[in-house]
Amino acid sequence: MTNSSELVNLTISEAAAALRVGETSALALTEATLARIKQTEPTINAYAAVPEELAREAAQQADAELAAGNDRGPLHGIPIGVKDICYTKGVLTEAGSKVMEGFIPDYDSTVAQKLADAGAIMIGKTRCHEFAYGVNEPPTRSPWELNSYPGGSSTGSGVALTARSAFGAIGTDTGGSIRIPASINNIVGLKPTYGRVSAYGVLPLSWTLDHVGPMTRTVLDNALLLGAIAGHDPRDATSARADVPDYTAGIKDGARGARIGIDREYVLYPGVIDDVRAATEAVIQELSAMGAEIIDISLPEFELTPETLFTVMMVEASTYHRQQLREKGDLYDPATRATLQLGELVPGTHYVTGLRARERYRSAMKDLFQRENLDALVSPTMPLPTALLTELHQPRRDMEIGETPMISYIHHTFSANLAGQPALSAPCGFTRDGLPIGYQLMGRPFDEATLFRIAWAYEQAHDWHERQPPHVYDSGEKK
Amino acid sequence: MSYGRSKSDLKIEAEQLAWLAQALGLNLPPDEVDALAAALSNQLPSIDVLEQFDLTDYPPILRVDAAWYD
Chain A
993 MTNSSELVNL TISEAAAALR VGETSALALT EATLARIKQT EPTINAYAAV
1043 PEELAREAAQ QADAELAAGN DRGPLHGIPI GVKDICYTKG VLTEAGSKVM
1093 EGFIPDYDST VAQKLADAGA IMIGKTRCHE FAYGVNEPPT RSPWELNSYP
1143 GGSSTGSGVA LTARSAFGAI GTDTGGSIRI PASINNIVGL KPTYGRVSAY
1193 GVLPLSWTLD HVGPMTRTVL DNALLLGAIA GHDPRDATSA RADVPDYTAG
1243 IKDGARGARI GIDREYVLYP GVIDDVRAAT EAVIQELSAM GAEIIDISLP
1293 EFELTPETLF TVMMVEASTY HRQQLREKGD LYDPATRATL QLGELVPGTH
1343 YVTGLRARER YRSAMKDLFQ RENLDALVSP TMPLPTALLT ELHQPRRDME
1393 IGETPMISYI HHTFSANLAG QPALSAPCGF TRDGLPIGYQ LMGRPFDEAT
1443 LFRIAWAYEQ AHDWHERQPP HVYDSGEKK
Chain B
15 MSYGRSKSDL KIEAEQLAWL AQALGLNLPP DEVDALAAAL SNQLPSIDVL
65 EQFDLTDYPP ILRVDAAWYD
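Order-wise, the sequence lines are chains A and B.
Mapping of the first sequence onto this note's numbering: residues 993 to 1471, in sequence order.
Mapping of the second sequence onto this note's numbering: residues 15 to 84, in sequence order.
These are calculated hints, taken from the structure and not from any lab test.
Just so it is clear, CB atoms sit at the ideal spot from N, CA and C, and this is done for glycine as well.
Treat the hints loosely; a few may be bogus.
Claimed, not checked - Computed footprint of chain A on chain B, listed as stretches where at least three residues anywhere in the stretch have a Cβ under 8 Å from a Cβ of chain A: (1) 42 to 51; (2) 72 to 81.
Unchecked claim - A few chain A positions that, by computed beta-carbon distances, are all more than 12 Å from chain B: (3) Ser1005; (4) Ala1009; (5) Glu1015; (6) Glu1057; (7) Ala1281; (8) Arg1318; (9) Arg1329; (10) Arg1350; (11) Arg1352.
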């Protein structure tokens, strides 16, 4: 298998299998990915830095190890992108901000170190919103619709995967920043349980809400990538002391018997457009046909989640940036700077009230899962597909309350960050305009395996995840 | 940045905002004061949404532990 475009279309599990029967090499996978990056970057701008020589050296080492019988596991020799807020030793880490311009860390974040330990090839640093909070500048483009929002804040990770310029990628998620670009770019994204993946060496946005997680093209790949990066880390005070199972062990057991709840009033609220509503209903019907039990539930506390998350996140983000804002305030993008200033003006009593509301929400979610013996909750990932960049912050014309698309995008994703429970987004269809639609499963803490099992079963019945975007051709030319 | 669902007539004046910013040591360019005053006017009433729920028996989460123990 030597054709470059054939190689970049392989999933992680397919590439891993091809490596082990000698059909390809880590160096060939790396060269194919570097070639794809060169081809697509002029159109999509997914990468902030691509350390080509380091990647080639790592690939040669990976091949030598495999040849010597030292197999580090399924990520051995696989090119993976890493969000640019994760420290990478000796590689530019700028977090999408002029504040960080030219910064090269002298140590790896734990997630980067774990990827290296697993034999993965760090192929590049993927672009993100400024400090995962502000603007995405220079802008990354979605190959599904070049003038529309590519998703964020793990923007480059989502776009690189759909453009086939990475086999997997690392994202971070404070209110939806893995799941939103996953949904927009027709890929799979998991926000794991809080503390499941170490945040050491990852620039914080909001300490109590931040999660590091895997982004991939398939559910199986996501399970493989999570298995490589999960685990307790004594250097991260928020890291959980929970065993890491083999996430692929029961993944093919099917959805039969799974108890899946849906709060129709909240998750299918009027902001959900018809195509997304229909796609979500189809997911529910299909899971039911597979033997899952669908349970109508009601959780009034969902109504608390947006204000709670905004209050907590704004104050924590502004606390982290407080000193830097005074020393280098002019280097922040004006919009990011204004949001950070706003966070400083929120009273401490509001923050603590947010923490109390968060406890009420978390407690209600736990009681719901236990009372109904639920395995998961299902919803759309987003109420609508990507929107034109020019309309992102304008009131939606199709809604009476005038919610902006940017606010709508976080309607379904916020709550999992507050409770710290795992949440996975996977493809479930396309709008009549050909834009990807994703659905979300939220699960029990530390039970990512059940989400993988349900999502894998659904994925087998469809080819949604195999469809490729129209705006990145082999020639690299725009449509 | 605020979700902006709460209904309130709160209006922070530019002069009030400038005073607050000065007290906190924030360096606000004059042409950004009005926008930030409007954003704060929009944000502060969020507390009303949170307090619509009875929080009497809910102490603040001071350390996040995602596990459910019972």
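Going through the hints against the structure:
1. Only residues whose C-beta sits within less than 8 Å of a C-beta in chain A count toward coverage, and the segment 42 to 51 of chain B has 4 of them, enough to reach three; the restraint holds.
2. Check on the segment 72 to 81 of chain B: 9 of its residues sit with their Cβ under 8 Å from a Cβ of chain A, so the three-residue criterion for coverage holds.
3. Every CB of chain B is more than 12 Å from the CB of Ser1005(A) (nearest about 28 Å), matching its label as outside the interface.
4. Distance to chain B confirms Ala1009(A) as a non-interface residue, since its nearest Cβ pair spans about 34 Å, more than 12 Å.
5. Residue placement check: Glu1015(A) keeps its beta carbon more than 12 Å from all beta carbons of chain B (closest about 41 Å).
6. Separation of Glu1057(A) from chain B is adequate, the least Cβ-Cβ distance of about 35 Å exceeding the 12 Å criterion.
7. The claim that Ala1281(A) lies off the interface holds: its Cβ sits roughly 30 Å from the closest Cβ of chain B, which is beyond the 12 Å cut-off.
8. Consistency note on Arg1318(A): stated as away from chain B, yet its beta-carbon is not over 12 Å from all of that chain's, at 6 Å minimum.
9. With a minimum CB-CB distance of about 8 Å to chain B, Arg1329(A) fails to clear the 12 Å threshold, and the non-interface call is violated.
10. Its beta-carbon lying about 5 Å from the closest one in chain B, Arg1350(A) breaks the requirement of being farther than 12 Å from that chain.
11. A cut-off of 12 Å between C-beta atoms contradicts the statement that Arg1352(A) is not in contact with chain B; the least separation is 4 Å.
The structure fails hints 8, 9, 10, 11 (numbered hints given earlier, in ascending order).
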